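Number of protein chains: 2
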Amino acid sequence: MAMENASSPSLSPPTLFTYLMTIASPSMIKHAISDAAIKIKNIALDDPRRVIHSLKVALAITLVSMVYYLQPIYNGLGDAGMWAIITVVMVFEYTVGATLSKGLNRGFATLLAGALGVGAEAFGSLFGPTIKPIVLGFLVFFLVGAATFSRFIPSIKKKYDYGVLIFILTFSLVAVSGYRVDKIIQLAHKRLSTIVVGGLTCIIISICIFPVWAGENLHKNMVKNLEKLASFLEGFGNEYYRVSDGDKSFLTSYKSVLDSKATEESLANFAWWEIGHGKFRYRHPWKQYLKIGVYTRQCAYHIEALSGYLYAKDEIPSEFQKTIQEACMKMSSETGKALKELANAMKLMVHPLSSSVHLENCKKAVDDLNTTYKVSMVEDQWNILDNISVIAATSILVDIIKCVEQISEAIEELSKQAHFKKPKDKTSDEAGKPHFLHCGAVKPVENEQELVTVTVLSGDEVLHEAIN
Amino acid sequence: MAMENASSPSLSPPTLFTYLMTIASPSMIKHAISDAAIKIKNIALDDPRRVIHSLKVALAITLVSMVYYLQPIYNGLGDAGMWAIITVVMVFEYTVGATLSKGLNRGFATLLAGALGVGAEAFGSLFGPTIKPIVLGFLVFFLVGAATFSRFIPSIKKKYDYGVLIFILTFSLVAVSGYRVDKIIQLAHKRLSTIVVGGLTCIIISICIFPVWAGENLHKNMVKNLEKLASFLEGFGNEYYRVSDGDKSFLTSYKSVLDSKATEESLANFAWWEIGHGKFRYRHPWKQYLKIGVYTRQCAYHIEALSGYLYAKDEIPSEFQKTIQEACMKMSSETGKALKELANAMKLMVHPLSSSVHLENCKKAVDDLNTTYKVSMVEDQWNILDNISVIAATSILVDIIKCVEQISEAIEELSKQAHFKKPKDKTSDEAGKPHFLHCGAVKPVENEQELVTVTVLSGDEVLHEAIN
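Going line by line, the protein sequences match chains A and B.
With this note's numbering applied, the first sequence covers 1 to 468.
With this note's numbering applied, the second sequence covers 1 to 468.
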């Protein structure tokens, strides 16, 4: 009987409860809860800054609301205190740049729209109380329409979208408030000051307590993306020739780079608002990061095409494939190394000197490959049909080398724009190798037992090495 | 003297004006204004729905504010009217789905947070006036922190992000409002009703006046993306063999597909909220569109790799390249046609029957290519080194055919899920060809001069053709 009721569409609450208890046994509920708990724990462990951000927002709102709640002047939470809470909820974002962008947009838009709203009220009052609502209605309609349309203009949408929204809101509120102008100004002053208090609370907490900088995130993202591509390329040769077994996550991790555009653009956008922080000065060339991102994705597209040849065949490599094995493996591993060096140079913010060595090696490997092709064509009568995919894979590898060269040039440009320092610790690299002018052993006057090697370099570095 | 002042950092307003007039001559200002006007005009002409949307928002805000402004009860724009305006500004979005999503989120979040807030107030009052603020502070801190963290959970972020934001806002406002519970309930009722009025205004205007449906946009976007890839592939053969000149925009238009993921996902997300509209029923399988999108981008990545071989050489096609010209051109044009048919079937929402014919032709062309490879290897001693890029291009083309097959399967699946109708007008296609059962000429009884051909088909269609 209970079961019959349970399946009918109209359930009385107790029957519904019985029904739910039938389909959801205690063990199932327990299972679901523990599942959710594990998921939440993973989200927190994945990036502990998320927990910190949540605490920061909670702190900001508690602070703002308590200040207004405890203040006896406002007699409970008055209108003004409400605006402080609204501001904190709407303005506090995950990164400092986003918070600054929203806070400044909100502040200036409120100021501008408030002034225009007061003007509109005063203008409307000229027409007398009967026509005033009509005049104000037209003004609101016209300005709101124009402002909404301006949100479709890319340059406004990019940086001032939230500002325009707040402009529309504040202008409409002030223009049709129905108060006399002097009362409006008094109200506007109070409201603006609470918005400033709310905005400043957000900005100060956002910057001072474990700040999350959009610029730093962008920088780290770019490095991570380059490293992902590098790992694929470094591992590709071994995988293609079935040389190694082991962790194969590097074969798919590059895929996230394919869709990195939206994240990079919004981070670069927020970074534009940020003050100098850590290794990044105010007006760090964030735009150049977007260029590097374009080339990185270009490289990822080619890697996506290349990865199709990895899983194409389960059989052992053909004779021809073995002939070009050395050149092929060198091409892929050296491109990978070049990318890794570039990623490392970006990470440490030093000139990417050593990557050019690997790029040179790549070019040598391409020459070797071409020679092998020439020789093998004359010597062997191999079957071209069986080796189309091999030839295609090498051709895509050559294209990838070109992409990496573009990435290298873009990072070179960035290192100039951002004044990356020349690496000093890597004197053993070809490009950074110091020129020895003199090198010899001299006898110090004071201690005749000790020989000191003095090396005079072309630069301003002098190495002293003690030899017993 | 004026110039000296102008270059100094502290400018008095009149000098600043002179300075601005010096650097900005009237013709320059005129030029800048006409430039901006052209840009704005293009944005409007590009998609006139933008202008309509701006007018719709303006109308909604004017309506809501006028209702509250004119109503004598509220004595000017009271607190409640303000919330209607805030709701319209925050909730009215470009597409119906986005507006519904925000409106429903706002409504339910306000309800839930309001109830919890009243509960928190009542709970706080149990402790007496001294401890109450501390208890409330802890409650706000804890709930706001938890709610903020929940915004990092992907499933919540995707659909309920705005709801959580409004929950935080309303709960904080209500919990620390400092009013007695009965007064809060009165206030909450008033505020909730204005929010409902604001939200309903948005939703009604959004749906009734030239609605922009996220689902329809997603559908059109997918079709457009498929068409872009199709145009590239249809034109690729001619371009590769320098057969034609003319408009070459099709060679780059596919690039927008590469970055289509973010747009598609947000549109699919908003489409989930929409009621049935036009050809789309409620619960149209929007998720399947995302799958088609994945394969479409996969195809675009390969096209990106392929396009590198277009500009690689300015010289005339090599002998070998000419040998495979027919197969190569057929492969690319037939893949293009298959994609175009698929796009067309999606556009008309009919079963994609005729695309399979083109896919069959593709496979035949691949067989032809392989035969040519075999023959040419035996007959000619051509130089492999000169033709690596040609071989690579054909290999990528073969990969693209595989991608198109995946797209075809995904669209087939969509056509099943969304109950696309079988095309009836295309009886000439192989798959839809009717089976002739009988066909003969009969003499009608009434008019002995006239022969009538009667064709009896396997289906329910009978063709009558009069022959004089």
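Heads up, some of the hints might be wrong.
The list treats identical chains as interchangeable, and a pair is accepted whether it falls inside one copy or across any two copies.
Listed below are the simulated DSSO-like cross-link pairs for lysine-lysine, each with C-alpha atoms no more than 30 Å apart in a straight line [stated by the list, open to error]:
| # | residue 1 | residue 2 |
| --- | --- | --- |
| 1 | LYS374 | LYS322 |
| 2 | LYS248 | LYS30 |
| 3 | LYS157 | LYS255 |
| 4 | LYS41 | LYS157 |
| 5 | LYS183 | LYS224 |
| 6 | LYS39 | LYS158 |
| 7 | LYS132 | LYS30 |
| 8 | LYS190 | LYS30 |
| 9 | LYS41 | LYS158 |
| 10 | LYS347 | LYS291 |
| 11 | LYS158 | LYS416 |
| 12 | LYS30 | LYS158 |
| 13 | LYS261 | LYS402 |
| 14 | LYS421 | LYS39 |
| 15 | LYS39 | LYS159 |
| 16 | LYS157 | LYS30 |
| 17 | LYS224 | LYS157 |
| 18 | LYS287 | LYS41 |
| 19 | LYS364 | LYS402 |
| 20 | LYS279 | LYS248 |
| 21 | LYS337 | LYS157 |
Hints are computed from structural coordinates only; laboratory data are not their basis.
From a predicted model like this one, the values you see are computed outputs, not experimental measurements.
LYS157 and LYS255: within-copy, between-copy, both or neither at 30 Å Cα: both (29 Å within a copy, 22 Å between copies)
Within, between, both or neither: LYS158, LYS416 at alpha-carbon 30 Å: Within one copy, since 27 Å is at most 30 Å while 40 Å is not.
Alpha-carbon proximity context of LYS347 and LYS291, limit 30 Å: So LYS347 and LYS291 pass the 30 Å test inside one copy only (17 Å; across, 36 Å).
Status of LYS30 relative to LYS190 across identical chains (alpha carbons, at most 30 Å): Neither, since 51 Å and 40 Å both go past 30 Å.
Identical-chain pair category, LYS41 with LYS157, by Cα at 30 Å: For LYS41 and LYS157, only the inter-copy Cα distance (16 Å) is at most 30 Å; the intra-copy one is 36 Å.
Alpha-carbon proximity context of LYS132 and LYS30, limit 30 Å: neither (63 Å within a copy, 35 Å between copies)
30 Å Cα threshold - placement of LYS30 relative to LYS157: So LYS157 and LYS30 pass the 30 Å test across copies only (24 Å; inside, 46 Å).
Alpha-carbon proximity context of LYS39 and LYS159, limit 30 Å: between (34 Å within a copy, 18 Å between copies)
Intra- versus inter-copy proximity for LYS322 and LYS374 (alpha-carbon distance at most 30 Å): both (15 Å within a copy, 21 Å between copies)
Intra- versus inter-copy proximity for LYS402 and LYS261 (alpha-carbon distance at most 30 Å): both (21 Å within a copy, 26 Å between copies)
Intra- versus inter-copy proximity for LYS158 and LYS41 (alpha-carbon distance at most 30 Å): Between. Shortest inter-copy distance 19 Å satisfies the 30 Å Cα cut-off; intra-copy 34 Å does not.
Intra- versus inter-subunit Cα pairing at 30 Å for LYS287 with LYS41: between (36 Å within a copy, 28 Å between copies)
Checked against the numbered hints above, the structure breaks hints 2, 5, 7, 8, 14, 20 and 21 and satisfies the rest.
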